[in-house]
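*Asks:* Between the sequences and the hints, there should be enough to build the whole structure, so can you do that?
Chains as they are written, first to last, in this note's numbering: chain A, 1 to 280; chain B, 281 to 893; chain C, 894 to 1127.
Because the hints were derived from the structure by calculation, they are not lab data.
Hints are supplied without guarantee of correctness; some may be wrong.
[To be verified] One side only, chain B facing chain A, incomplete, derived with CB under 10 Å: (1) ILE311; (2) TYR383; (3) MET546; (4) GLY637; (5) ILE673; (6) VAL819; (7) GLY850; (8) TRP852; (9) GLU854.
The structure presented is a predicted model; accordingly, all values stated were derived computationally and were not measured.
Here a beta-carbon is modelled for each residue, glycine too, at the ideal position from N, C-alpha and C.
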Amino acid sequence: MHPGIIFLGVIVGSVLFHIFTPWWWTDIASNWGAMDDTINLTFWIGGGVFILVCLFMVYCIFMFSYKEGRNVEYKPEDHKLEKILTIATTLGVIALLAPGLIVYNNYINVPKNALQVEVNAWQWGWQYRLPGEDGILGTAQVAKITDDNPFGINLDDPNGKDDILIEDDVLHLKTDRPVKILLRSLDVLHNYYVPQFRAKMDAIPGIITYYWFEPNKIGEYEVLCAEYCGVGHYAMRAKVIVESEGNYENWIKEQETFSDLIAKQENNKLKKTLVAKTND
Amino acid sequence: MSDEYNQKNTPLEAQSSETMSGTSGASSKDIDYVRPAELPEQDLYHGHSFITKWIFCQDAKVIGIQYFLTAVFTGVVGLVLSWLMRLQLGYPDLVPFITAEHYYQFVTMHGMIMVVYFLTALFLGGFGNYLIPLMVGARDMVFPYVNMLSFWMFFIAVCVLMASFFVPGGPTGAGWTLYPPQAILPGTPGSNMGIILMLTSLSLFVIGFTMGGLNYIITILQARTRGMTLMRMPLTIWGIFTATALAMLAFPALLVSCIMMTLDKMLETSFFMPAILQAGEVLDYGGGSPVLFQHLFWFFGHPEVYIVALPAFGIVSDLISVHARKNIFGYRMMVWAIVGIGALSFFVWAHHMYVSGMNPWFGFFFATTTLIIAVPTALKVYNWIITLFRANIRMNTVMLFCLGFIVTFVNGGITGIFLGNVAVDIPLSDTYFVIAHFHMVMGIAPLMVIMGAVYHWFPLVTGRMLSEKLGKWHFWFTFLGAYSIYFPMHYLGFIGVPRRYYEMYDSPYVTSATGMNEFITVAALIVGFSQLIFIYNIVASLSIGKPAGKNPWKANSLEWLTPEVPPAHGNWGEKLPVIYRWPYDFNVPGAKEDYITQTTPPSEVINAEVEKT
Amino acid sequence: MSDNKLNNLPVGFKGMAQDMGSDQTAFKGVQWGKVMMWIFLLSDTFVFSCFLISYMKGRASTVVDWPNTSEVFSLHVGSVPVPLLLIAIMTFVLITSSGTMALAVKYGYEKNRKMCGWLILATAIGGLTFVGMQVFEWSKLIHEGVRPWENPFGAKQFGSFFFMITGFHGTHVTIGVIFLFIYSRKVFRGDFDKGKRGFFTTMKSDYVAIEILGLYWHFVDLVWVFIFAFFYLW
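*Replies:* Rendered as structure tokens:
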């Protein structure tokens, strides 16, 4: 069989695979459809180039296979052709870069009404902190983390007192409200990734990173850690529940704030001293 | 101060190549004029004992084969590790020995071995050492002793790396990118001796390759034969030369990052280590920056992938040209593209860091530079296929591998455009899309070139031809198999499967990929085992292969024109060759044969309408 | 390049274009060993640049105050603290040794073995003095509690970067000193005059080797100037 047929088969097969593939994006559940659109544009342009280049190659191997005495073109350079190809490629590159950078610009500029959610990552789980009624997260440090202060919140910072602490790994979000995820890591690099939201960013110990998105589909989504963090990396999962405003408010009411936690601990300490005193 | 080394001070006017090819008005009896020799003959050390002839040999050809064999050995180790990884991913409960710790150790060692110890060593040390002196017309590298040391440094680096398999805790499982802080913390396998040995091995590798790289660059710059201008060198040399220049400037960043991480581990410094909570306790580290490591690593890491790719670009240009019996289209553009890609490669590193938490504004800059680098790369692709147009293509094994390179490289290059565009990279980074991309463009495509190059130059190195029949079977298994592994893998990335996952676990949509994972595993094992055809071909042909004679492919470049085949020590016998043209005079109108070698003087092909080069 | 375009270039560029376009060598009249040393030094420059840039990054983003270098690096003369006295002396010694090296190269080409040999020896001793003073500085700081992992004066990274960068530089100086001693012996023995074959490399000795070593030595000196500026003076 002529090799050209097999190469042609590879190209046709690739295109068919792409058209009929059962493995495609998860249904998007956030505002970042523009990323999907940019990917589609890249498929058209890039895929087009791939197909054209490979088809031309196949054409050549069919038409110009070795024949004794074949008339071969001797033309080391063709400036006009090279110029056209350079310009066409540059235009293609600009056509991809321009929309991509516009989308990226939106990605790094967080809307002013975004709700701040701090995600803490540690080997190998997640916990969350919301700013509470004053809308400001209290400052926190890894060095201040103790059993009594699992988030390491600065005790002197008044803004931290009403912070809502969520120690299990299920985060609830209100639908159709932009969310700014602030990432803090307590030990190594992690990444809070929900494929349906498309957005992601690494959590780096020592700094606070961020990204934003607006969930717009009610449902339950799995969180996957997307930056290698040791042997538990693949098992570091969490859940995000996107729900209506009413359900969200109900959930918030049930959560504990930092001052609640402090009060509970004082209470326990008081009980212990009382018990000790009565036992004397 | 006077430099008394060069006694002959030739006047500037005679130095331009323009004035010697006979087209600027010189009289006809000067058409064969080539400038006289500037340098005295190189004085080579000839070994006489077994040790000085085969072990501590200073002949670049022997050193090249030593590099080749050592690199291939590490590549086989890397290949076996990939089978173990795929067994776990395709059939998770089949092999209980592959725990999560072991899996991550396999992932790390596979990656580091393949990128650094296999591909880089093979292209620069293997092909570079063998071909550079031959193709530029030198007798050997300029500093053979240091060249010999460079190989043994590489060998020791490989030994140190392999030793890490046998230390307590095993080899490091930090991922080939070795990101801190996890690389040196207990949550990662091999975070004691394993990582130390890895960092030591890399440092030794850098030192060894600096020594080798100096030889390659200086031999190309200062030791060419008469008539060999830079623009008459085969593209293979341009590719290896530029790659070596990149290595000289990029490896320092790797060395520095290895030293700093070693100190972080051994002396508890905090270069990369911020405040860390481990098992409920705050560690003694503090104030360091993990992102600093990433900047240093990728300042090395991105040029590194071009160090692998550029020699492949150069070699494939020569393979296509010889076997399509046509000059490479746009040679000057090809040279500028190689140099341009090399230079630009220093300005794109942070496209590996779009989601690293670095200053977001850097994303604009690096996305732009990354997509700019696509332009010269695309031009090279166009030039390869235009070379095939109206050519006279021999559909032998070498050409098949070149065609396989074009298909896989364009595929991998396009997916690189996806990832270079920062907004598109955000959902795709750290997923299987990235794995599919870099395997296609750095694993398969350069591997196609390596295999094609072996089929092409085996007759020169051994004096025998490899079997065409076995070669074709080898090609189709490898190309179709590898393509079926990595093309569908991109789609795993689209559904969001992250990389470096030991198990897919419970995710509903991720487990839908089980069938695909099984398929990829089976394909990988088939491709792996089909390399036995290649090994058999090589071993058998050494004794029963058809004798090749001189220049069996009817090529033009110098390496085929030595008086003895295989070339002896000193390459050229009594007299160094004299060069009159570039190596791409194939099917020149008016010439008798369909090729004109570089050493053919113009007076012998007076009727050929050659282009002035 | 066509003849027309070539002739219209300004003189320096014309020469460079002709050299690059010519056969055999790209750098006319320059022995390969010198070009090799230049390229090695370029690579080594990148190593030290990576160290210094990492240091600047670490210092710029320090969460704890950086120690005051004038205080940490001062010597007491009697009871008066003189800031940066030791490194001022070290810098003077190293720069002087570069001067003696340059002279040694000149005398080498003039085949004046005695002057050349003694000047190389002087350079070696200058280098050795430098290393000795560096060792003294290290021991003084270690005595005061400065460690790679912490120090009593401020940010942890101060000690880490200090020991790492000066250690690397000191190692380079030491290697240079060893070669200088070897070369001074070769000069006195007349190896460069006779073209005696090297013990390891088996290549014929030539006075250009002294110039090449000189290039290395000047590089080591230049790196010190940068370290001095960025680490001690900033």
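*Asks:* If a hint holds in the structure, say so; if it doesn't, say that too.
*Replies:* How the hints compare with the structure:
The beta carbon of ILE311(B) is not positioned within 10 Å of any beta carbon in chain A (closest approach about 20 Å), and the interface hint is therefore violated. For TYR383(B), the shortest C-beta to C-beta distance to chain A is roughly 9 Å, which falls under 10 Å, so the interface hint holds. Interface hint at MET546(B): violated, since its Cβ lies 19 Å from the closest Cβ of chain A, which is beyond the 10 Å cut-off. Because the beta carbon of GLY637(B) sits about 4 Å from the nearest beta carbon in chain A, less than 10 Å, this interface hint is met.
The interface hint given for ILE673(B) is met, as the beta carbon of that residue sits about 5 Å from the closest beta carbon of chain A, less than 10 Å. About 26 Å separates the beta-carbon of VAL819(B) from the nearest beta-carbon of chain A, more than 10 Å, and the hint is not met. A cut of 10 Å between beta carbons decides the hint on GLY850(B): the least distance to chain A is about 33 Å, and the hint is violated. Given the 10 Å rule on beta carbons, the hint for TRP852(B) is violated: about 28 Å separates it from the nearest Cβ of chain A.
Evaluation of the GLU854(B) hint against chain A yields a violated restraint, the C-beta minimum of about 34 Å exceeding 10 Å.
Taken one by one, the earlier hints fail for this structure at numbers 1, 3, 6, 7, 8 and 9, listed in ascending order.
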